[in-house]
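Sequences are here, hints too, so could you generate the full structure?
Number of protein chains: 2
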Amino acid sequence: MRHLRLSLLAASLLATGMVSAANAADKGTVISQQAVQTAEQLRDKAMADNTGYKIVESLTTEVGARLAGGPNDQRARDWAIAKFKALGFDKVYVEPVTYPLWERRSEHAEIVAPFPQPLALLALGYSAGTPKGGITAEVVKFDGLAALKAADPATVKGKIVFVTFHMQRAKDGRDYGIGSPVRVQGPVIASAKGAAGFLLRSAGTDANSRTPHTGVTGFRDPKDAIPAAALSNPDADQLERVLAYGKPVSIKLDLDCGVSGSYTGANVIGEITGKKYPDQVIAIGGHLDSWDPGTGAIDDGAGVAIAMAAGKLIGDLPQRPDRTIRVIAFANEEMGLWGGRGYADQHAADVGKHQLGTESDFGAGKVWRMTASVKPSARAAIEQIAKVLAPIGVAYDAKRRGGGGSDLSQMHAKGMAALTLTQDGTDYFDYHHTANDTLDKVHPKELAQNVAVYAAFSYMAAQADGDFGSAPDAFKNDGAGD
Amino acid sequence: MRHLRLSLLAASLLATGMVSAANAADKGTVISQQAVQTAEQLRDKAMADNTGYKIVESLTTEVGARLAGGPNDQRARDWAIAKFKALGFDKVYVEPVTYPLWERRSEHAEIVAPFPQPLALLALGYSAGTPKGGITAEVVKFDGLAALKAADPATVKGKIVFVTFHMQRAKDGRDYGIGSPVRVQGPVIASAKGAAGFLLRSAGTDANSRTPHTGVTGFRDPKDAIPAAALSNPDADQLERVLAYGKPVSIKLDLDCGVSGSYTGANVIGEITGKKYPDQVIAIGGHLDSWDPGTGAIDDGAGVAIAMAAGKLIGDLPQRPDRTIRVIAFANEEMGLWGGRGYADQHAADVGKHQLGTESDFGAGKVWRMTASVKPSARAAIEQIAKVLAPIGVAYDAKRRGGGGSDLSQMHAKGMAALTLTQDGTDYFDYHHTANDTLDKVHPKELAQNVAVYAAFSYMAAQADGDFGSAPDAFKNDGAGD
Numbered sequence: 000m001r002h003l004r005l006s007l008l009a010a011s012l013l014a015t016g017m018v019s020a021a022n023a024a025d026k027g028t029v030i031s032q033q034a035v036q037t038a039e040q041l042r043d044k045a046m047a048d049n050t051g052y053k054i055v056e057s058l059t060t061e062v063g064a065r066l067a068g069g070p071n072d073q074r075a076r077d078w079a080i081a082k083f084k085a086l087g088f089d090k091v092y093v094e095p096v097t098y099p100l101w102e103r104r105s106e107h108a109e110i111v112a113p114f115p116q117p118l119a120l121l122a123l124g125y126s127a128g129t130p131k132g133g134i135t136a137e138v139v140k141f142d143g144l145a146a147l148k149a150a151d152p153a154t155v156k157g158k159i160v161f162v163t164f165h166m167q168r169a170k171d172g173r174d175y176g177i178g179s180p181v182r183v184q185g186p187v188i189a190s191a192k193g194a195a196g197f198l199l200r201s202a203g204t205d206a207n208s209r210t211p212h213t214g215v216t217g218f219r220d221p222k223d224a225i226p227a228a229a230l231s232n233p234d235a236d237q238l239e240r241v242l243a244y245g246k247p248v249s250i251k252l253d254l255d256c257g258v259s260g261s262y263t264g265a266n267v268i269g270e271i272t273g274k275k276y277p278d279q280v281i282a283i284g285g286h287l288d289s290w291d292p293g294t295g296a297i298d299d300g301a302g303v304a305i306a307m308a309a310g311k312l313i314g315d316l317p318q319r320p321d322r323t324i325r326v327i328a329f330a331n332e333e334m335g336l337w338g339g340r341g342y343a344d345q346h347a348a349d350v351g352k353h354q355l356g357t358e359s360d361f362g363a364g365k366v367w368r369m370t371a372s373v374k375p376s377a378r379a380a381i382e383q384i385a386k387v388l389a390p391i392g393v394a395y396d397a398k399r400r401g402g403g404g405s406d407l408s409q410m411h412a413k414g415m416a417a418l419t420l421t422q423d424g425t426d427y428f429d430y431h432h433t434a435n436d437t438l439d440k441v442h443p444k445e446l447a448q449n450v451a452v453y454a455a456f457s458y459m460a461a462q463a464d465g466d467f468g469s470a471p472d473a474f475k476n477d478g479a480g481d
Numbered sequence: 000m001r002h003l004r005l006s007l008l009a010a011s012l013l014a015t016g017m018v019s020a021a022n023a024a025d026k027g028t029v030i031s032q033q034a035v036q037t038a039e040q041l042r043d044k045a046m047a048d049n050t051g052y053k054i055v056e057s058l059t060t061e062v063g064a065r066l067a068g069g070p071n072d073q074r075a076r077d078w079a080i081a082k083f084k085a086l087g088f089d090k091v092y093v094e095p096v097t098y099p100l101w102e103r104r105s106e107h108a109e110i111v112a113p114f115p116q117p118l119a120l121l122a123l124g125y126s127a128g129t130p131k132g133g134i135t136a137e138v139v140k141f142d143g144l145a146a147l148k149a150a151d152p153a154t155v156k157g158k159i160v161f162v163t164f165h166m167q168r169a170k171d172g173r174d175y176g177i178g179s180p181v182r183v184q185g186p187v188i189a190s191a192k193g194a195a196g197f198l199l200r201s202a203g204t205d206a207n208s209r210t211p212h213t214g215v216t217g218f219r220d221p222k223d224a225i226p227a228a229a230l231s232n233p234d235a236d237q238l239e240r241v242l243a244y245g246k247p248v249s250i251k252l253d254l255d256c257g258v259s260g261s262y263t264g265a266n267v268i269g270e271i272t273g274k275k276y277p278d279q280v281i282a283i284g285g286h287l288d289s290w291d292p293g294t295g296a297i298d299d300g301a302g303v304a305i306a307m308a309a310g311k312l313i314g315d316l317p318q319r320p321d322r323t324i325r326v327i328a329f330a331n332e333e334m335g336l337w338g339g340r341g342y343a344d345q346h347a348a349d350v351g352k353h354q355l356g357t358e359s360d361f362g363a364g365k366v367w368r369m370t371a372s373v374k375p376s377a378r379a380a381i382e383q384i385a386k387v388l389a390p391i392g393v394a395y396d397a398k399r400r401g402g403g404g405s406d407l408s409q410m411h412a413k414g415m416a417a418l419t420l421t422q423d424g425t426d427y428f429d430y431h432h433t434a435n436d437t438l439d440k441v442h443p444k445e446l447a448q449n450v451a452v453y454a455a456f457s458y459m460a461a462q463a464d465g466d467f468g469s470a471p472d473a474f475k476n477d478g479a480g481d
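Chains A and B are the protein sequences, given in the same order.
Per numbering that gives the first Met the number 0, the first sequence runs over residues 0 to 481.
Per numbering that gives the first Met the number 0, the second sequence runs over residues 0 to 481.
Hints listed in this document are in silico derivations from the structure and should not be mistaken for laboratory results.
All figures in this text were calculated on a predicted structure; none of them were measured in a lab.
Heads up, a few of these hints could be off.
As the list claims (entries may be wrong) - DEER-style ranges, computed between Cβ atoms:
no., chain 1, residue 1, chain 2, residue 2, range
1, B, 168, A, 443, 41 to 49 Å
2, B, 104, A, 112, 33 to 41 Å
3, B, 113, A, 168, 35 to 43 Å
4, A, 392, B, 184, 27 to 35 Å
5, B, 113, A, 170, 34 to 42 Å
6, B, 425, A, 170, 24 to 32 Å
7, A, 444, B, 113, 25 to 33 Å
8, B, 94, A, 444, 54 to 62 Å
9, B, 109, A, 392, 34 to 42 Å
10, B, 179, A, 53, 51 to 59 Å
11, A, 177, B, 396, 49 to 57 Å
12, B, 398, A, 112, 48 to 56 Å
13, B, 193, A, 317, 56 to 64 Å
14, B, 145, A, 107, 36 to 44 Å
Said to hold, decoys possible - In silico DSS-like pairs for lysine-lysine, Cα to Cα no more than 30 Å straight-line:
no., chain 1, residue 1, chain 2, residue 2
15, B, 53, B, 444
16, A, 246, B, 444
17, A, 140, A, 251
18, B, 140, A, 53
19, B, 352, B, 84
20, B, 53, A, 246
21, B, 140, B, 246
22, B, 222, B, 156
23, A, 374, A, 274
24, B, 374, B, 274
25, A, 156, A, 251
26, A, 251, B, 131
27, A, 53, B, 246
28, B, 53, A, 251
29, B, 53, A, 140
30, A, 131, B, 251
31, B, 26, B, 352
32, B, 251, A, 53
33, B, 84, A, 246
Ideal Cβ positions, reconstructed from N, Cα and C, are used throughout, including at glycine.
Structure (structure tokens):
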């Protein structure tokens, strides 16, 4: 299928006398000097431009929090459609995505004994609610997921499991690789062992902030769900101190939340239509939904803004690019990549038409590393891109593979050539999924650097003579990661 | 009255053959070399001791938030009585203090138009509640108190006044001198002009935290009170952004709070009894109440702990000091120095028996400056104290006057000789009156330095040959401040 597709394409391109994608598979994919120059101009223009910041400011000010399926879901989609149009995108459309509707209504917790006091917490995505009036149960503490996994169910049954893992800051946010599974798998394991409820120390690096970090759990069937919530770091400290007195500690957990039916939202898509190969797309984007305590500025208003602004800058060029720049504002990333999976399902047959793609979903810090999953003969073109990005601080790591980002990882899994443009996430997990995810965390100059990266790479991929190897299952065994 | 009192005292002391306070008024107050040495030992022991930290840990863990008159008021007093006893204080007693009972039940606000979204806020002390279901009104913004004062009442009437002043961090916390009046006077002025409600940008330096700073208003008669609350800094930013669109902005304010009758709490006092002059006291302390969103660690668990620990270390000496070390855990400082005013009223006649005093109520940062309001002939003794404190980072500023701290400023106003021991408040207003006032903000080594300062100066004052000039109205015109 892959070779047939390429051969047909080659025949058609050769007939027009142009360097063909298939041809490039032999000669290697290259980017013309003219395209490189235009990309450099785009990069420099973007570095001094505030379009990206204006977009994230508009989204977070006019819409604010955007919990998938919540009261602002439709408002956010309306905003995205209007914004794409205002930015001059040629084609703006939506692709429906249906998912379970999880609602947060209220949450409250308190230590009942031995030292009565309230605790700051947030219910987790797909958490069950408690019966009205709450539940009160004894707390049993585990230092990590391994200890919970190893626990005798008899020690957990009927209790509130509390897992405490301290995330530390890192540029690549590596501790989220430990903290996230505590939140996702922890409640499922606790439920299976008969726990009455689940609490974790927030998967966040803000050790001194009373802002809990919400996020999704691994509950997929509401029947398996138990009440599950995150304590802020200082509240987790407090609970540990109270436990250290050695007396039984009981907590009252009162969560009003849960899944009620399903909801149909949509991925909102804007395109700058390619003039030579309109059906070949560079896929970039962010996710339009956010968690509800903040206004979703860094997660992921920034990503939406970066991709929209990159598309707009390319659209402002005197001529349309050769290939289409497709900017996708994904639905419901937060509760399980619903938008990304929906997109991949709907576009599976078109994977070969996805020239290259990646999503921005790691905040608003500067891009400092580029990695790629492309066919070997496109590595030279990636190096050309790297050369354009190097002056603005992006290092190309040829040894690592690209993954396409959160939602677009699903399309990469189907065979789309993909980059990973790693942002500086040193402070990302201070704010991620908290009430503190607000516009003041976005630094205009850092955001502009991201727009420069996305505009330059997208344009070069759009103008490339040749492809990057997208085809069904093309990157199945490439060990793509991060 | 003052001279008569001193003469009588002089006569009695001369009769016993000891160096008298009145005598010292001629010769100058001095501290013996032996007392200096013991103070140095106390200082060095305190620097390596964690008694202070253990006390604030105990208070914030076992009691937590301590809103004056709230559910923890009695628990906090019980804690203080038990803690004084456990620390070996000779005499532990309470002195009742009665004040209006202000209760916080719930608070909620949202922008209704043009961009609906919730706002993070906290009602202010003595704020009125709104009618059930809230009030909705248009917002009118002022950049500072002067602009509000100058406003035509017609522009304010029926509206929600919003005053925005950005506090900046400073070692001496000087911007609180602007931010605090916005919170205290702003609501009173807005009410007088017919405003429906009052909001301020929090008087806090945490520009990026969704934790509003509560605090007291100047409402003294509930009849004058209107609903008044503080927005977090990012919420104030957001409101300013929304206002910048130039459309009318309306907010729904729903506060359930208010004054309901009065409450009788108490100052809790512990004493290390002086062996020579048991009725002469060195008065130190902190305030036992706190605002309710946090656990009152830096405001003012730290102050209570510093004074208690200093007293305990002096009590651990082989001999009782010459004068009594009186540690006062004041009631309801937060809503208007009720404990301090109560103490000053009850002890007005004893002002001359207050050898020297000061309260710790500016967090848990290191003491970096000492100033004093004492009689001229006691300056040499203050310099002796300064010499003992210099090695641990305390600079003596002889040009400034001491004020005694928050509650004890009231006793200083009556004539008590007083120090001010200024702490490093660089980050104090990041956390002050917020949910983030929790134990993790207290650094044990910095707290220990405070204990060293209080133990050393208290002991030296207790052992001084001579007094520091306390007498009715002794410092009326000394320009005491900070």
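Consistency of the hints with the structure:
1. 168(B) <-> 443(A): 41 to 49 Å: With a Cβ separation near 22 Å, residue 168(B) and residue 443(A) fall outside 41 to 49 Å, so the hint is violated.
2. 104(B) <-> 112(A): 33 to 41 Å: This hint is violated: roughly 24 Å between Cβ atoms.
3. 113(B) <-> 168(A): 35 to 43 Å: holds, 38 Å
4. 392(A) <-> 184(B): 27 to 35 Å: 49 Å Cβ-Cβ, so the 27 to 35 Å window is violated.
5. 113(B) <-> 170(A): 34 to 42 Å: About 39 Å separates the Cβ atoms of residue 113(B) and residue 170(A), which means 34 to 42 Å holds.
6. 425(B) <-> 170(A): 24 to 32 Å: holds, 27 Å
7. 444(A) <-> 113(B): 25 to 33 Å: holds, 29 Å
8. 94(B) <-> 444(A): 54 to 62 Å: This hint holds: roughly 58 Å between Cβ atoms.
9. 109(B) <-> 392(A): 34 to 42 Å: The hint (34 to 42 Å, Cβ to Cβ) holds, given that residue 109(B) and residue 392(A) are roughly 40 Å apart.
10. 179(B) <-> 53(A): 51 to 59 Å: The hinted range 51 to 59 Å is violated for residue 179(B) and residue 53(A), with Cβ atoms some 36 Å apart.
11. 177(A) <-> 396(B): 49 to 57 Å: The hint (49 to 57 Å, Cβ to Cβ) holds, given that residue 177(A) and residue 396(B) are roughly 50 Å apart.
12. 398(B) <-> 112(A): 48 to 56 Å: Check passed, 54 Å falls within 48 to 56 Å.
13. 193(B) <-> 317(A): 56 to 64 Å: holds, 59 Å
14. 145(B) <-> 107(A): 36 to 44 Å: Holds: the Cβ-Cβ distance is about 41 Å, inside 36 to 44 Å.
15. 53(B) <-> 444(B): Within the cut-off at roughly 12 Å; holds.
16. 246(A) <-> 444(B): The given pair, whose Cα atoms are some 29 Å apart, holds under the 30 Å limit.
17. 140(A) <-> 251(A): It holds: about 16 Å lies between the C-alpha atoms, which stays within 30 Å.
18. 140(B) <-> 53(A): holds, 23 Å
19. 352(B) <-> 84(B): Cα-Cα ~24 Å, so holds.
20. 53(B) <-> 246(A): Holds: residue 53(B) and residue 246(A) sit about 18 Å apart, inside 30 Å.
21. 140(B) <-> 246(B): It holds: about 13 Å lies between the C-alpha atoms, which stays within 30 Å.
22. 222(B) <-> 156(B): holds, 17 Å
23. 374(A) <-> 274(A): Measuring from Cα to Cα gives roughly 25 Å; hence the hint holds.
24. 374(B) <-> 274(B): Judged against 30 Å, a Cα distance of about 25 Å means the pair holds.
25. 156(A) <-> 251(A): Distance of about 16 Å is within 30 Å: holds.
26. 251(A) <-> 131(B): holds, 28 Å
27. 53(A) <-> 246(B): Between residue 53(A) and residue 246(B) the Cα gap is close to 18 Å, so the pair holds against 30 Å.
28. 53(B) <-> 251(A): holds, 27 Å
29. 53(B) <-> 140(A): It holds: about 23 Å lies between the C-alpha atoms, which stays within 30 Å.
30. 131(A) <-> 251(B): holds, 28 Å
31. 26(B) <-> 352(B): holds, 20 Å
32. 251(B) <-> 53(A): OK: residue 251(B) and residue 53(A) at ~27 Å, within 30 Å.
33. 84(B) <-> 246(A): holds, 23 Å
Going through the hint list in order, the structure does not satisfy hints 1, 2, 4 and 10.
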